[in-house]
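Using the hints provided, position chain B relative to the given structure of chain A.
As you go down the protein sequences, you meet chains A and B in turn.
What the first sequence shows, in our numbering, is residues 32 to 789, in sequence order.
What the second sequence shows, in our numbering, is residues 9 to 94, in sequence order.
Check the hints yourself; a few may be wrong.
Unchecked claim - In silico DSS-like links for lysine-lysine, alpha-carbon gap of 25 Å or less:
| hint | chain 1 | residue 1 | chain 2 | residue 2 |
| --- | --- | --- | --- | --- |
| 1 | A | Lys451 | A | Lys437 |
| 2 | A | Lys313 | A | Lys93 |
| 3 | A | Lys313 | A | Lys96 |
| 4 | A | Lys703 | A | Lys234 |
| 5 | B | Lys90 | A | Lys113 |
| 6 | B | Lys49 | A | Lys343 |
As the list claims (entries may be wrong) - Counterexamples of contact, computed for chain A against chain B with all Cβ distances above 10 Å:
| hint | residue |
| --- | --- |
| 7 | Glu212 |
| 8 | Phe213 |
| 9 | Ile228 |
| 10 | Ala272 |
| 11 | Met446 |
| 12 | Ala476 |
| 13 | Glu493 |
By construction, these hints were calculated from the structure, which means they are not laboratory data.
Since we're looking at a predicted model, the values are computed, not measured.
Positions of the beta carbon are idealized from the N, C-alpha and C atoms, including for glycine.
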Amino acid sequence: MNDIAPSRFKWVGTRPVRPDGVPKVTGRAMYGADLAMAGALYGKIIRSPHAHARIRGIDASKALKLPGVKAVVTAADFPDHKFEYVGPERVAQNLWHVTRNIIAREKALYEGHPVAAIAATDKAIAEEAAALIDIDYEVLPHVIDVDEAMAPDAPLLFEDMITRGIEPARSKPSNISKRLEFTLGDLEQGFAEADIIVEKEFKTAAVHQAYIEPHACAARVDADGQAEIWTATQGHFGVRALTARLLGMNIGDLRVTPSEIGGGFGGKIPVYLEPIAVALSKKTGRAVKIVMSRDEVFKATGPTSGASMRVKIGAKKDGTITAADGVFKFQAGAFPGSPVMNACLCAFAPYNIPNARSVGYDVVSNRPKASAYRAPGSPISAFAVESALDILAKKIGMDPLQFRLKNAARPGTTMIYGPKMAHGGYVETLEALANHPAYKAPLGANQGRGVASGYWFNGGGESSASIQVNEDGTVTVSSGSVDIGGSRASMALMAAETLGIDYRQIRSIVADTASIGFTNPTGGSRVTFATGMAVVEASRRIVDELRARAAMIWEVDVDGVVWEDGQAKPASSNVGDFAPLSLKELAAKKALTGGPLTASAAVNAGGQAPGFTTQFCDVEVDPETGKVTVLRFVAAQDVGKAIHPSYVEGQIQGGVTQGIGWALNEEYIYDKEGRLDNAGFLDYRVPVAPDVPMIDAVLVEVPNPAHPYGAKGVGEVNIVPPMAAIANAIDNAIGRRLTELPMSPPKVRAALDAAADD
Amino acid sequence: MPETAARVVLSSGFSRRYTGGVREFAIPASNLRGVIKALDKLYPGLGAHLEEETTVAIDGEIHEIGYLQPLRQDSEVFFIPKLEGG
Numbered sequence: 032m033n034d035i036a037p038s039r040f041k042w043v044g045t046r047p048v049r050p051d052g053v054p055k056v057t058g059r060a061m062y063g064a065d066l067a068m069a070g071a072l073y074g075k076i077i078r079s080p081h082a083h084a085r086i087r088g089i090d091a092s093k094a095l096k097l098p099g100v101k102a103v104v105t106a107a108d109f110p111d112h113k114f115e116y117v118g119p120e121r122v123a124q125n126l127w128h129v130t131r132n133i134i135a136r137e138k139a140l141y142e143g144h145p146v147a148a149i150a151a152t153d154k155a156i157a158e159e160a161a162a163l164i165d166i167d168y169e170v171l172p173h174v175i176d177v178d179e180a181m182a183p184d185a186p187l188l189f190e191d192m193i194t195r196g197i198e199p200a201r202s203k204p205s206n207i208s209k210r211l212e213f214t215l216g217d218l219e220q221g222f223a224e225a226d227i228i229v230e231k232e233f234k235t236a237a238v239h240q241a242y243i244e245p246h247a248c249a250a251r252v253d254a255d256g257q258a259e260i261w262t263a264t265q266g267h268f269g270v271r272a273l274t275a276r277l278l279g280m281n282i283g284d285l286r287v288t289p290s291e292i293g294g295g296f297g298g299k300i301p302v303y304l305e306p307i308a309v310a311l312s313k314k315t316g317r318a319v320k321i322v323m324s325r326d327e328v329f330k331a332t333g334p335t336s337g338a339s340m341r342v343k344i345g346a347k348k349d350g351t352i353t354a355a356d357g358v359f360k361f362q363a364g365a366f367p368g369s370p371v372m373n374a375c376l377c378a379f380a381p382y383n384i385p386n387a388r389s390v391g392y393d394v395v396s397n398r399p400k401a402s403a404y405r406a407p408g409s410p411i412s413a414f415a416v417e418s419a420l421d422i423l424a425k426k427i428g429m430d431p432l433q434f435r436l437k438n439a440a441r442p443g444t445t446m447i448y449g450p451k452m453a454h455g456g457y458v459e460t461l462e463a464l465a466n467h468p469a470y471k472a473p474l475g476a477n478q479g480r481g482v483a484s485g486y487w488f489n490g491g492g493e494s495s496a497s498i499q500v501n502e503d504g505t506v507t508v509s510s511g512s513v514d515i516g517g518s519r520a521s522m523a524l525m526a527a528e529t530l531g532i533d534y535r536q537i538r539s540i541v542a543d544t545a546s547i548g549f550t551n552p553t554g555g556s557r558v559t560f561a562t563g564m565a566v567v568e569a570s571r572r573i574v575d576e577l578r579a580r581a582a583m584i585w586e587v588d589v590d591g592v593v594w595e596d597g598q599a600k601p602a603s604s605n606v607g608d609f610a611p612l613s614l615k616e617l618a619a620k621k622a623l624t625g626g627p628l629t630a631s632a633a634v635n636a637g638g639q640a641p642g643f644t645t646q647f648c649d650v651e652v653d654p655e656t657g658k659v660t661v662l663r664f665v666a667a668q669d670v671g672k673a674i675h676p677s678y679v680e681g682q683i684q685g686g687v688t689q690g691i692g693w694a695l696n697e698e699y700i701y702d703k704e705g706r707l708d709n710a711g712f713l714d715y716r717v718p719v720a721p722d723v724p725m726i727d728a729v730l731v732e733v734p735n736p737a738h739p740y741g742a743k744g745v746g747e748v749n750i751v752p753p754m755a756a757i758a759n760a761i762d763n764a765i766g767r768r769l770t771e772l773p774m775s776p777p778k779v780r781a782a783l784d785a786a787a788d789d
Numbered sequence: 009m010p011e012t013a014a015r016v017v018l019s020s021g022f023s024r025r026y027t028g029g030v031r032e033f034a035i036p037a038s039n040l041r042g043v044i045k046a047l048d049k050l051y052p053g054l055g056a057h058l059e060e061e062t063t064v065a066i067d068g069e070i071h072e073i074g075y076l077q078p079l080r081q082d083s084e085v086f087f088i089p090k091l092e093g094g
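Only chain A is shown next, with the shape it has when bound in the complex:
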């Protein structure tokens, strides 16, 4: 419940200096690659140069004879696992697949797929040894494109893969891992009621999360089997569990400490290096450190899926949408598990559409396994749906914001997966943009304006936190959530508000797996909401304890003590005439009143509200070069209650910036051998400062009553609309609809040339 009125917040909603700022800007923060351990060996992964190849044999004997080489591991050093999907459908893990992605067994399934690993005394020796390992490959035909991978005659990655989700089950294997379908109402009837129908095909490219910090970890296994891992991860409890399961260890024998993290965006939830580092350490008895190069990051860690889609939407002349149908075919990479289910569920979520269907296909091909990327799945289907809606609005002759407002989902709207929407927030984002002065600003020649909206579920789940009051009355807040988006500051602000003390008295840290209770990864826009609830609950428990200590000192009943402004006070004059006791004074008497002041709390948080955003942008198209310049970007997002508004604005600006890159430049480019041609930031072009205008982040605050301070997840939904918003703006500027990402200069030029030919 919102038990503290917003107007009374002293710390929540303020913008103090970030606690992790000084170490980061002075270069002292310890990232994954920064850990130096005495005697640590250099770990190097040997990767497949082929997109698809059978591994007929690996001979490491020459490498092992090289002085300084301490060990080589291959798949033979890892236990194999049963083929079974375990866990929830979207996040089901098949350890048979996972262990083969960590290190290839029968076949290499993409360029960069790990095949062996070396531990040596230094980098030069490891590299020399790598050249001495003889791997006998039988190169096989490969397939990269999702539509080609679905063709009946496509090369098969798994000769026995039968599509799940089709009944009766097919007998012929294919690269289609799974088919999904969600339906609502009567699709045929809905399209029959429509006056105007738009149907279009769209394609998006695979794009990488492009975090600045490459993956890195160090591991040490002691002689008693106890092991430690230091790693750059979004979820150290997940690293612990998966590494233990893959290697047959007890979870309790493994302690994982997360380093400072230089970006993740979903791409640092999976495990890549850690089991290999542990296996090498086990074999050598020495600590082993492995750091990926940028080339390895691009080739072997998850981009998000590229997709091929068809969307059909029908509406009446008055703008009422009557039906929507979408088919979403997603690249999963070399192993099943694209975010296509999310794409299906989010595609039409911002709208009240009585008749709808989403069909999804999860398709394997010879690419690195796709991993989560900021609102995984939703931006991809939104590109198709929000582009189609723009076409529809134009045909009807409605302003795109008014068209969306007419069809907006509101509390009570039935979602495609069944439940009725419980929370609002979408309409408010549309209204915020409609009232924004820039929305009516005039446009010049070759300029256009585009609108798009987005939806993301936001997450809850398990989180742990603890509070310690130190001897001098300062406070340490610990949580199990890796801080990617400013959570240390947010946790400290919520603790300060609840404890009634100055934010600067609080130090907020991320604790390792042995020092705090289980916590789900930092992902799904869940931390401020769920871990925040744990911090507030732990703070409340400390307040209760402090009241009890004051009652003991005053020799009164605890009900006679209240906690106000960071002090224990008598509840009324009837209790007695006592001077308030500050946190510092109570901390000084901790030993006399019962010992250390500490409290912890754990939650399985529910009642999270979804995230909505609506954005518009202005672009200018250079008719000669096809280059698109983003002139203006305004993003209105429902953020619940912004705990630290600067961080919230930063999340919005970050998501939009990544969306601009996804829209205009970023893509995985393969050569005819199935090898990645642009595995580096020179050729894989993320936006740089001159590519991005100052993004106007409009915070729309519709508090979530399920959170003590009204917080909602804010980290992901902002990346959902930019691709469609930019496509819509380009269409507005040049009168040509681009349906394929990225909308890079050659594609824009081709569209202009086609226009000239018309």
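Chain B in isolation, oriented as in the chain A frame:
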């Protein structure tokens, strides 16, 4: 506290796999544990699948599965696939 009858709905995939296609149930229960126990009684083994593989939307609000999650009068309970973020 009197028990209430919740409208409980399974996803089509789930009902196909575990209940022979039956998707909707009226179950008197005051919390989520009551719903899961009742469904497990009807379809032995279903309870474990619901606990491990789903998230639940109670009157539209999404929660992780927790036994003591209370249900209101005439609550709508949808078991939906578990979601993942980035």
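Minimum Cβ-Cβ distance from Met446/A to chain B exceeds 10 Å | Answer for Met446/A: violated, closest chain B Cβ roughly 8 Å.
Given pair status - Lys113/A, Lys90/B, alpha carbons within 25 Å = The given pair, whose Cα atoms are some 23 Å apart, holds under the 25 Å limit.
Restraint status (C-alpha distance of Lys313/A to Lys96/A at most 25 Å) | holds (19 Å)
Holds or violated: Lys451/A with Lys437/A, Cα cutoff 25 Å?
-> holds (18 Å)
Would the least Cβ to Cβ distance between Glu493/A and chain B come out above 10 Å?
-> Non-interface label on Glu493/A violated, nearest chain B Cβ at 7 Å vs cutoff 10 Å.
Just checking, Glu212/A versus chain B, shortest CB gap more than 10 Å?
-> Glu212/A is in fact no farther than 10 Å from some Cβ atom of chain B, at 8 Å.
Interface-negative label, Ile228/A against chain B, beta-carbon threshold 10 Å = holds (26 Å)
Given hint Lys93/A paired with Lys313/A - CA-CA distance at most 25 Å = holds (21 Å)
Minimum Cβ separation between Ala476/A and chain B greater than 10 Å?
-> Holds: least Cβ distance 39 Å, greater than 10 Å.
Assertion that Ala272/A lies farther than 10 Å from chain B (Cβ) | holds (15 Å)
Pair hint outcome, Lys49/B versus Lys343/A [Cα-Cα no greater than 25 Å] = It is violated: about 42 Å lies between the C-alpha atoms, which goes past 25 Å.
Is the Cα-Cα distance between Lys703/A and Lys234/A 25 Å or less?
-> Given that 25 Å is the threshold and the Cα spacing comes to 20 Å, the pair holds.
Hint compliance for this structure: hints 6, 7, 8, 11 and 13 are not met, and every other hint is.
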